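Add chain B with the ligands to chain A, keeping to what the hints say.
Going down the list, the sequences are from chains A and B.
Mind the numbering: the first sequence is residues 1 to 610 in the numbering used here, read in order.
Mind the numbering: the second sequence is residues 611 to 976 in the numbering used here, read in order.
It is worth saying that the hints were derived from the structure and are not from the lab.
Here the structure is a predicted model, which is why all the values come from computation and not from measurement.
Any given hint could be a false lead.
Listed below are the simulated DSSO-like cross-link pairs for lysine-lysine, each with C-alpha atoms no more than 30 Å apart in a straight line [stated by the list, open to error]: (1) 633/B / 814/B; (2) 762/B / 475/A; (3) 762/B / 633/B; (4) 683/B / 808/B; (5) 609/A / 310/A; (6) 475/A / 830/B; (7) 762/B / 850/B; (8) 714/B / 742/B; (9) 923/B / 494/A; (10) 815/B / 633/B; (11) 951/B / 494/A; (12) 683/B / 951/B; (13) 742/B / 830/B; (14) 700/B / 689/B; (15) 43/A / 82/A; (16) 830/B / 808/B; (17) 808/B / 475/A; (18) 845/B / 808/B; (19) 475/A / 845/B; (20) 196/A / 43/A; (21) 850/B / 475/A; (22) 494/A / 683/B; (23) 951/B / 475/A; (24) 682/B / 845/B; (25) 263/A / 196/A; (26) 815/B / 689/B; (27) 830/B / 814/B.
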Amino acid sequence: MSDQLIHILPAHVANQIAAGEVVERPASVVKELLENSLDAGAKSITVRIAEAGKKRIEVEDNGYGMSAADAELALKRHATSKISTTEDLHHIASHGFRGEALPSIASVSRFRMQTSLQGSHEGVELRMDLGELETRPAAPRKGTRIEVLDLFLNTPARLNFMRTDKTEEAAIIEVMRGLAICNPAVALNLELDGRKRLSFTEGQNERGRVIAVMGSEFAGNSIEQRIEHEGIQISAHLGLPTYHHRDTSRMLFLVNGRVIRDKQLIAALRAGYRDVMFHDRYPVAVIRLEMDPVNVDVNVHPAKREVRFKSPQAVRAAIVACVRAGVERMGQTVSSMPTDQALQAMQKTSPAFPDAASGSFSYQSGSGAGFSSGGRSKFASGARSSNAADLQHLLFGAPMRESAHEPEAGYEIQGTLNLGTPLAQIHSCYILSQSEDGVVLIDQHAAHERITYEKMKSQLDRGQLAEQIMLTPEKWSPGLSIAAWLSDHAETLKTFAVDLDQTTEESFSIRSVPALLSGESPVELVAELVDACMLIGFEAEGRSRVLERWLGNRACKGSIKAGRMLAIEDQDALLREMERTPNIAQCNHGRPTYVRLSLNDLDRLFGRKE
Amino acid sequence: MHITVPRTSFLQHVQRCQNIVEKRSPNAILSNLLLRASNETLEIVATDLQIGVSSKVHIHIQDEGEITISAKKLFDIVKELDVDSDVELKTESSFMEIKSGRSKFRLSTLPAIDYPGIPEQDTDFSIQFEGKDLATMIGATSFSMSTDETRKYLTGTLFEISPEQGLQLIATDGHRMALVGTLLDQNVEACRAIVPRKAVAEIKKICEETQGQVTLSLGKRQVRLDAGEHSLTSKVIDAKFPVYQDVIPSDNPEEAVVDRIRMDQILRRSMIVANEFTHDVRLQFSNNSIQVSAHNTEQEQAEEFVEADYTGKDVSIGFNGRYLRDVLSAVQTERVRIQFKDELSPVLILEDGSDASKYVVMPMRI
Ligand SMILES: Nc1ncnc2c1ncn2[C@@H]1O[C@H](COP(=O)(O)OP(=O)(O)OP(=O)(O)O)[C@@H](O)[C@H]1O
Ligand SMILES: [Mg+2]
Chain A
1 MSDQLIHILP AHVANQIAAG EVVERPASVV KELLENSLDA GAKSITVRIA EAGKKRIEVE
61 DNGYGMSAAD AELALKRHAT SKISTTEDLH HIASHGFRGE ALPSIASVSR FRMQTSLQGS
121 HEGVELRMDL GELETRPAAP RKGTRIEVLD LFLNTPARLN FMRTDKTEEA AIIEVMRGLA
181 ICNPAVALNL ELDGRKRLSF TEGQNERGRV IAVMGSEFAG NSIEQRIEHE GIQISAHLGL
241 PTYHHRDTSR MLFLVNGRVI RDKQLIAALR AGYRDVMFHD RYPVAVIRLE MDPVNVDVNV
301 HPAKREVRFK SPQAVRAAIV ACVRAGVERM GQTVSSMPTD QALQAMQKTS PAFPDAASGS
361 FSYQSGSGAG FSSGGRSKFA SGARSSNAAD LQHLLFGAPM RESAHEPEAG YEIQGTLNLG
421 TPLAQIHSCY ILSQSEDGVV LIDQHAAHER ITYEKMKSQL DRGQLAEQIM LTPEKWSPGL
481 SIAAWLSDHA ETLKTFAVDL DQTTEESFSI RSVPALLSGE SPVELVAELV DACMLIGFEA
541 EGRSRVLERW LGNRACKGSI KAGRMLAIED QDALLREMER TPNIAQCNHG RPTYVRLSLN
601 DLDRLFGRKE
Chain B
611 MHITVPRTSF LQHVQRCQNI VEKRSPNAIL SNLLLRASNE TLEIVATDLQ IGVSSKVHIH
671 IQDEGEITIS AKKLFDIVKE LDVDSDVELK TESSFMEIKS GRSKFRLSTL PAIDYPGIPE
731 QDTDFSIQFE GKDLATMIGA TSFSMSTDET RKYLTGTLFE ISPEQGLQLI ATDGHRMALV
791 GTLLDQNVEA CRAIVPRKAV AEIKKICEET QGQVTLSLGK RQVRLDAGEH SLTSKVIDAK
851 FPVYQDVIPS DNPEEAVVDR IRMDQILRRS MIVANEFTHD VRLQFSNNSI QVSAHNTEQE
911 QAEEFVEADY TGKDVSIGFN GRYLRDVLSA VQTERVRIQF KDELSPVLIL EDGSDASKYV
971 VMPMRI
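The following block holds chain A by itself, in its conformation from the complex (with noise of 0.2 Å):
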């Protein structure tokens, strides 16, 4: 035996390893070969996948390809023309730059790639197969054509990992239409198997990508806002926050242009959100970051999908500053999918299902839950609704429908709000107004609601927070990893009028709760209170955190019920109350609280127009 244990792998095993790293599944062979091709200038790109990318993934471009050489050295491994120096890591523009994804690739598949530099008349074609490279000549040709065959052929581990072709597909239209937010001006086309499923057309601008990207209903449903924030720039399609979702997978995050999953980013956009979405719903936005790239580290995750920032505080500034911005804007804008949904419901046909994969986010990998719209079977019976319950619930209480429907009734993002004359109290729960252009549903609770918790919050704003002290302090064991960031933080809670006295290595007990929130269990209170705290980081963040909580709850129980009569003068005060108040298109659950007919939508309605 030699005394020599260790030894330098041979080249495809390291390769092999890289891939596992890199290369999890079809997707991630798309989204490397697809970054490749923009970092190489094309213009437009062409995808064609057979049986979901186990057969084939062939990606062509038409961008400067490479020369007989470079091509060759492409396939080794540290091989790039993106970076040179450690120094160059801090400046990183381009997709790549850790010359990896080629060469771990064409380790676990048969990799073909046939491309010429520009302005070169020759081409050239190369092929390995499991570690073997054979290289030809070639007719010259614009771009670069890369194929991938029989993924994983010999990692037969990874391909029983592989989930089923749908949602193999799922996740390859996710990171095109990801790429194809951040490059909008470049067309992309994706063809599964022999059919046609994405094409963006070349020369976009960035609204026009995002509607295409996210459904024309987006596009009636959501704002533009654009801030600087600490040398941040942010540019964000915001939907409305009655225009909400399931879960997190219509938030789509892109950091210098390149899509971003992170768990900050995401409590960041729907802390901005909090004051007008209901906890349990989230929003549907687009937002693009765009900074010094020596404030983010790309270099932190193989498929590059996570980022550090230097500054995350300072990040999460800027978007809950600019959604904040963004609702101030839309503040008193309701959502066109009720009114479209009424219409639907009234003209008792069924509402037009688009495919169910149009408009959709998922990054999670694996997942590919994204694109079934949920609650859709809610809707699918909606026509023939005619009672008040059913009406309340389609109207006021709903979750909102995927769908590509054109939403045709124009809604002011600026301006006064005007809700009419009230004509009449329907079922002692909706006012029915009149209005210049059609008439008005207003749900009387929702409305009550929020006028009920702005009034409060400006209030409070403005007020110190009392502190009710404890006749019996409560105890408190949080566990060794909060008790540790207790005892470097005790201050914090201070000015949320908490104060803990530690009595062992890992409990407390609560002194004192706000006097607001005294009737509440001190407990969970103050539990919630340091979760925010660690979570957040941000002081004030978790006082209002704290305020808004407290507010929720009692605007909702001081507010006139539904069901309650209102005279016509008290009806009239109410409309008036509620064009004044901010944020008024939703109640603090996240409900419309009125609903818009125009005369158009009611011509419509008897067939008057089409």
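Chain B with the ligands in isolation, oriented as in the chain A frame:
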């Protein structure tokens, strides 16, 4: 079963029982009352599985028997019947026929055999007590119970019997505590039970309606009240009540004595401009007076002086005004004594001339 009952007393008993029936019980039979006729007595029983109430009326029985019937419907019907006529109840297969004057109803029934019934008496010790007095004691403490279900032990009132202190009721929500006590002229054993909020309220109602003495029995798992024709049995809250003796300050150096009604009126006025949710008011004790002040975030203010017997140092304490007013309306005497140490320590409020009732209120830092 076939019986005839005078409408007025029947209504009273049905009402007494239907009070505790859960309006929306998932178990259908629990929204029913059990009627049991035997030995010239009609017994009406209701339970929500925590509390059981039974009422007995002496009546004429044609046919003995037992059956259960919707509490709400029975109550709503009997309420509407002619005041002076008798009510005749008769079971007909799975229905019950109710007749009075010219009215006749048929209600569906469920068999009595499925009814959970009231648990057997399981208490350790009983005392006799004037019903009206017990109602008053409950009224003077129950406002301090908590509604926070995560701290079960605070959601009831502690009933405690001891040879030294007699009967004491104690309630606290963690911010304030109320204790009232009366000495007993019977030989007693020490025992205690935390009685849940709903049972406390029902015991109070029964006591209010009772002329004369009631019997209160406490046990480890059960509390029971027997008051004439009515009896109530309730599970107790099986938890540890805070050691209330430790909470009552014993050495508060300062004392101010003030007119109860005046003080209450001033608080009521001041609270108009206090924060409408926390009701924070400030009491400034200085020579022979207390200044009550309040303000809210809209910069509105109130300020008023009240005379008081006070000669101690100047102290200013913040309170939830509601807590103070609750105490002032529970106390009976013309004047009250307010004992305190500083702005952060527990404050003790006592009746003038008696230490039997003790109210502790924790200040607020405002
Ligand atoms: N479609 C393409 N057109 C032109 N050049 C390409 C193309 N694909 C790859 N290349 C060249 O091959 C090199 C290696 O590609 P590879 O994807 O392996 O590494 P990378 O993109 O530099 O880094 P990463 O591993 O982070 O993707 C690239 O640096 C680039 O010069
Ligand atoms: Mg690459």
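**Item:** Broken hints, by number
**Value:** 5, 8, 12, 22 and 25
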